[in-house]
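K.L.:
Here's the letter readout for the chains.
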Amino acid sequence: MTERHVSVENLVKTYPGAAKPSVDDVSFSLPRGEMLALLGPSGCGKTTILRMIAGLVEPSSGAIRLNGREVSGIPVHKRNMGMVFQAYALFPHMTVAENIAFGLEMRGIAKADRAAKVARALDLVKLTGLGDRRTTQLSGGQQQRCAIARSLVIEPELLLLDEPLSNLDAKLRDEMRDEIREIQGRTGVTAIFVTHDQDEALSMADRLAVMSAGRLEQIGTPRQIFDRPETEFVASFIGAGNFLNGRVTGAGEAAVDGFGTLRFVGDAAVGQDVRLMVRPHRLVMGGAANSFTGTVEHIVYRGQILTMTVRSGQTRLQADLHTHAGALPEKGQTVTLGVAPEDVTFIGRAA
Amino acid sequence: MRDRGLILALLIPGLLAMLATFILPMAWLLRASFSTSTMMQVGFTLEHYRAALADPFYWKVALNTLTLGLTVSAFAVILGYPIALFLARTTSRWRGVLTALAVAPLLTSAVVRTYGWMVILGDRGVINGTLQSLSIIDTPLRLSNNSFGATVALVEILMPYAILAMLAGFGRLSTQLEEAAAMLGANPLRVFWRIVLPLSLPGVLTGALLVFVLAISSFVTPRLMGGGRVFVLGTEVFSEATVTLNWSLAAALSVMLLVLFSSVIVIYQRALRRLEA
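Just so you know, the protein sequences line up as chains A and G, in that order.
The opening residue of the first sequence carries number 0 in numbering that gives the first Met the number 0; numbering runs sequentially from there.
The opening residue of the second sequence carries number 0 in numbering that gives the first Met the number 0; numbering runs sequentially from there.
It cannot be assumed that every hint is accurate.
Listing some non-contacts, in silico: residues in chain G with all C-beta distances to chain A over 12 Å [stated by the list, open to error]:
#, residue
1, I82
2, S108
3, L183
4, N186
5, R189
Rough simulated footprint, nothing fancy, chain A against chain G, three-plus residues with beta-carbon under 8 Å [to be verified]:
#, stretch
6, 194-206
7, 251-257
Quick partial rundown of chain G residues pointing at chain A, CB under 10 Å, derived from the structure [to be verified]:
#, residue
8, E178
9, G184
10, V190
To be clear, the hints were calculated from the coordinates, so they are not data collected in a lab.
Ideal Cβ positions, reconstructed from N, Cα and C, are used throughout, including at glycine.
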C-alpha cells in the first residue's frame, strides 16, 4: 500500500445545529484499483463521507486527496468522479444512450467518438441494443446498469456507489453484486461504495471500513474484519458472536466461566480482564483445545444448520452446527463443545 | 355491477350541479347566439356571427385579446419561475409559510388589487407623483388607461396561479438529478439548461396555459386599467350585454372566446404529450 490513490485525512462534518458531528475524524486511504466498502448502520456517516469525497457536501475540516492533491477547492463538476446514486438518478427526459453520452458531451467530446464510447459502455454493462430506450422503460437491474455505464464512460478517477444494490430484489442483487465486482475489476477503477449490508460488503470489497456513530471503527480485509474484529461494535455488527469475559492467566490463556481455561489469539497482559469472542459456527461438537460442557437449553433445527444454546452456570453459548443424518443433540442433553484457539478472538479489555 | 350503480349514484349530485351551473347556461348562451332577437331566444340566424366576423373591429379585439393573453402569460411565467423553483427546492422549514406568502395575493379580490395598481400607475399615482416631484419628468408618463397598465396589473394578479401550477408541475425535478449532472461534469449553467429547464417545462406550460385562459377571459382589470381604451373580448361581451343590450351578439362573442380557449388547450395538450413522451 505504498501508492495512495485516494486518501481521506481527519475528515469531520458537523451539520449546523447538530450537537454531534456526523463524521468524526475519519482517515483512510486506498491504493489504485482497490474497492473499498464503507459499512455501517444507517446514520453512521458513511453516505456523508461519500458525498464529501464527491464534493456534494462540504467537509467541516480535514482533507480529501486524489493522487496526493487536495480536492476541496475543486467544484463537483470538475472532480472527474463517477457516482452511482441509490435511486440511479437517470435523466428521465433522455434515452439510455443520451444518459450515457451526457458526461462525454460535457467534456466536449466529438459526436462520433461519443457514439463509439457509448456503444462500448453499453457493451460493458450488457445493455447492447437498448441505447434508444427511454430510461423509464428499463427494469430495475437495467437502470442500475445504465447508471454504472454512465458513470464509467467518463473514465473517472474514482467511482462512488451509494447503496448500489438496495433497490434491487434479492435474486438480482446477487447477480449485480458479482457483476459490479467484475466490471470494477475489468476497468481497474478505484471504487468506494456505501452499504449497510455486511454480505454485500464482505463479498464485493477488497477492504471494509466499518463505521459507527460517525467514527471509523476498523478498516481491513473481509477476513480481518470477520475473524479479527478489534472492537465489540465490529464484532457484533458483522456476523453473530458469543462474547465472553475472562481474566488472562498466561500467554494466550484466560480463565473463562464454563471453559476453565480458554486459549485465544492476541496479546494481553497476565491479570488483565479481557473480552473474547467466539463465532457460533466455529464451535464444534466434542472437546478440542478449548472445551465447554453444558446443558442444551434451546435448540432449533434449520435444515442445513442446527442452532442451539448451551448453558453452563451463568455462561451461555450459541452454537451453529452443521446437521447430518445421524443422531443430533437434543434439548436437555449434556454436550461438550470445542473451539480452536485461533477462532477465539481477543477484542480488548473488559469494560 | 352493484359497484357501477353505486358509482353512478355518487356521481349524480355532482353531475346535476354541473348541469345546472355549467351545461344549461352554456346551452342558453349557444342558443342566444343564434337568436333573431337581441334579447330573447327566438328563431335562428347566423347574423351575429357574420356581423362579428365581418367587422374589422372585432378582429382587432380578438387580436388584442390574444396579444394580452400571450404577453401576460409569458411575463407571469418568467417572473414566477424563479419563485416556484426556489419553493420547490428549498428545504427550509419556512417552506410552507413562503408558499402561502407567494399565493397570498389570491386572498384579495382582483378588483381591489386593480385599484391598487391604479394608485401606483395613475397619472397622479405613486410613480408619476414621485418622478414629477423630483422634476425628472414634466408631464405624467402614460402608465395606465392603456394596455401597458392592463398588462402590468394582470401579470401581478395572475402570477400566483402561475407559481402554483408550476410548483405542481415540477414533479420530475429532483436535486439528485442535478447532482448526477454535476458529477458528470455539467457546470451550474448547463445543469439548468439540460436538466432543470427541460424537466420543469410541463409545469411551465401548465402555468402559462392557466394564466393565458384567465387573462383572455379577464374583464375587470382590462376595463379598469384600460380606462375604456383597451378592447378585449371580455370587455366587449360586457358592453354588448349591458350597454348596447345586444345579448345575442354578446353570446356570439362569448362562443368565439370559448373557441379560442379550446384551440389553445388542444395545442397545449399536444405539446405536453410530445414533451412527456
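K.L.:
Against the structure shown, which of the earlier numbered hints fail to hold, in ascending order?
P.N.:
Violated: hints 3, 4, 5 and 7.
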